[in-house]
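Work out the full structure, taking the sequences as your base and the hints as a guide.
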Amino acid sequence: MFKSALFTPLIKKPDLDSTDPRSYRPISNLSVVSKLLERIVLRQLYSYLSAADLLPRLQSAYRTHHSTETAVLKVPTDILYAVDDGDLSVLALLDLSAAFDAVDQDILLTRLKVSFGIGGAALDWLQSYLTSRLECVRRGSTRSTHKTVRFGVPQGSVLGPYCSSYTLLA
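Heads up, the working numbering is the position in the sequence shown plus 1387, with the first residue counted as 1.
Watch out, some of these pointers could steer you wrong.
As the list claims (entries may be wrong) - In the EDC-like style, the derived pairs of lysine to aspartate or glutamate whose C-alpha atoms are separated by at most 20 Å in a straight line are:
| # | residue 1 | residue 2 |
| --- | --- | --- |
| 1 | Lys1400 | Asp1482 |
| 2 | Lys1534 | Asp1493 |
| 3 | Lys1500 | Asp1482 |
| 4 | Lys1390 | Asp1488 |
| 5 | Lys1534 | Asp1482 |
| 6 | Lys1461 | Asp1482 |
| 7 | Lys1461 | Asp1472 |
| 8 | Lys1399 | Asp1491 |
These are calculated hints, taken from the structure and not from any lab test.
No experiment lies behind these values; they were computed from the predicted model shown.
Structure, rendered in structure tokens:
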């Protein structure tokens, strides 16, 4: 129940080819109880990361009082200041649109342990949360068979965005 997700494919944009599977975004429907439990864990994890000053100061995603707007304002401002100071500026942009699907669970768990000092029961719970998850796809009244998820974090979960941002937390 806590580790099973039902995916509903939703088309990304109305003008995309509905026969092409790449036109769809897999939205994960998780149980309410699972999401409540994740919120409790997230509060504790966020509190620990904040108190230990382990969150990057300039990370805009998934933080209170930060948003894409703060990032959009900061980047051009920093570039203008650099140009005014006679410095060379380079802007590299990364497309992390598949970040949820590409997370290597072993690397994430190692990073949580080594870089963030999370261990014991907390790390054991996060390992259990991430591994041996099941998913199936629903389209209308038809469902696929359940498959084990080997990579990625649950899209649609409360903790998922924090787990997927592990590449930025290195």
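Each hint tested on the structure:
no. : hint                 : verdict
1   : Lys1400 with Asp1482 : holds (18 Å)
2   : Lys1534 with Asp1493 : holds (19 Å)
3   : Lys1500 with Asp1482 : violated (27 Å)
4   : Lys1390 with Asp1488 : holds (16 Å)
5   : Lys1534 with Asp1482 : violated (27 Å)
6   : Lys1461 with Asp1482 : holds (19 Å)
7   : Lys1461 with Asp1472 : holds (16 Å)
8   : Lys1399 with Asp1491 : violated (25 Å)
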